[in-house]
Amino acid sequence: MLLASAATLPLLLATAGCRSSDAFTGPDPLAGRPPLGHEVRTLQAVIAAEENLIDLYRAAISGDPATSARARLLRPLLAQHEQHLAQLRARLVEPPGTTMPPSPSPGRTGNPSASPGPVRVSTVRLREAERASAAGLVQRLATVEPALAQLFASIAASDATHATALGG
Amino acid sequence: MAAITAVPALQAALAAEDAAIFGYGVAGAHLTGSSLSAAMRYWTGHHEARDTLAAMISGLGAAPAAAQAFYRLPFQVHDAATARALAAYLEDGGTRAYLGLVAVSDQRLRHFAALATQSAAQRAAFWRGSTQAFPGLVR
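These protein sequence lines are chains S and L, in that order.
Note that the numbering used here has the first sequence beginning at 1, numbered continuously upward.
Note that the numbering used here has the second sequence beginning at 1, numbered continuously upward.
Careful: at least some of the hints might be erroneous.
Chain S stretches covered by chain L per the calculated footprint, using a threshold of three residues with CB under 8 angstroms from any CB of chain L [claimed, not checked]:
1) 45-51
2) 141-151
Okay, the calculated beta carbon distance ranges per label pair [what the hints assert, rightly or not]:
3) S:Ala79 <-> L:Val7: 30 to 40 angstroms
4) S:Arg125 <-> L:Thr52: 30 to 40 angstroms
5) S:Asp28 <-> L:Val7: 43 to 53 angstroms
6) S:His38 <-> L:Arg108: 11 to 21 angstroms
7) S:Ala135 <-> L:Gln68: 45 to 55 angstroms
8) S:Thr143 <-> L:Ala29: 41 to 51 angstroms
9) S:Gly136 <-> L:Thr52: 18 to 28 angstroms
10) S:Gln83 <-> L:Ser37: 46 to 56 angstroms
11) S:Pro65 <-> L:Val7: 53 to 63 angstroms
12) S:Glu145 <-> L:Ala65: 21 to 31 angstroms
The set of hints was computed from the structure by calculation and includes no laboratory data.
All residues carry an ideal CB built from backbone N, CA and C; glycine is no exception.
Based on the sequences and whatever the hints tell you, model everything.
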């Protein structure tokens with residue numbers, strides 16, 4: 001019995017009347033960059049959302065007097081979001097040359113000359129952003145691996161405590 | 001990471017709830033006013049959570065672990081400040097236990113555990129007077 005092997009496969013194909021190019025159908029798996037996996041795409045989305053939240057806090061703080069009660073409340077929350085971002089980025093290993101699309105944020109616009117000046121970010125808006133962040137993380141943790149799910153759940157819990165601290 | 005099975009993780013959360021029920025009884029004796037009201041509300045919530053977890057464990061065919069008659073406290077409680085510190089300690093324990101349950105593969109249990117983690121973290125932040133970056137994660 002002739003067993004198929006890397007050495008004998010071409011012979012088998014030739015004797016069967018097949019060309020090697022006929023052996024594979026569909027797109028060439030070796031052409032171009034392979035698609036990113038689900039967890040990589042999920043992490044990228046969570047990182048972008050965290051960056052947006054940080055931008056929101058920075059805009060809020062920059063719009064307040066440095067010694068205001070609200071600024072003193074917001075700075076530790078911002079610091080915790082920066083810790084969230086550091087941990088999330090540490091989990092992400094991207095192929096070389098990968099570029100993430102820029103995420104929209106309240107502090108940046110596509111046209112710098114159209115910037116109207118500092119944006120006043122209300123506490124209500126921050127609170128709602130925290131709630132949305134927590135809810136989004138809980139939704140995403142269902143389909144990622146266990147350790148990443150726990151990180152998402154912990155960050156979501158932190159966000160929930162922020163919402164409460166902001167009067168929620 | 002090894003697969004986390006549901007029953008041991010649920011039992012760990014149940015143990016945390018039983019410890020909280022015991023500990024709030026000690027803490028409540030040193031609290032007054034709005035702090036006492038909060039402690040009583042949370043104590044009732046822990047009873048409900050304990051019953052929910054026991055039912056979930058039974059539903060999976062296992063016997064819920066019984067509460068201990070006595071729990072060794074991490075420090076002596078003798079005034080409102082130490083009572084609040086004990087309450088925060090108990091809620092931190094609950095946060096860790098529920099975060100452990102998040103690691104199971106069952107999506108419904110993960111969702112339940114994630115929301116319970118949030119609730120425990122919020123109670124801990126209430127007693128502590130401050131928030132944390134990573135509730136429940138040992139760092």
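task: Could you tell me which of the hints above the structure violates, numbers in ascending order?
output: Violated: hints 1, 7 and 10.
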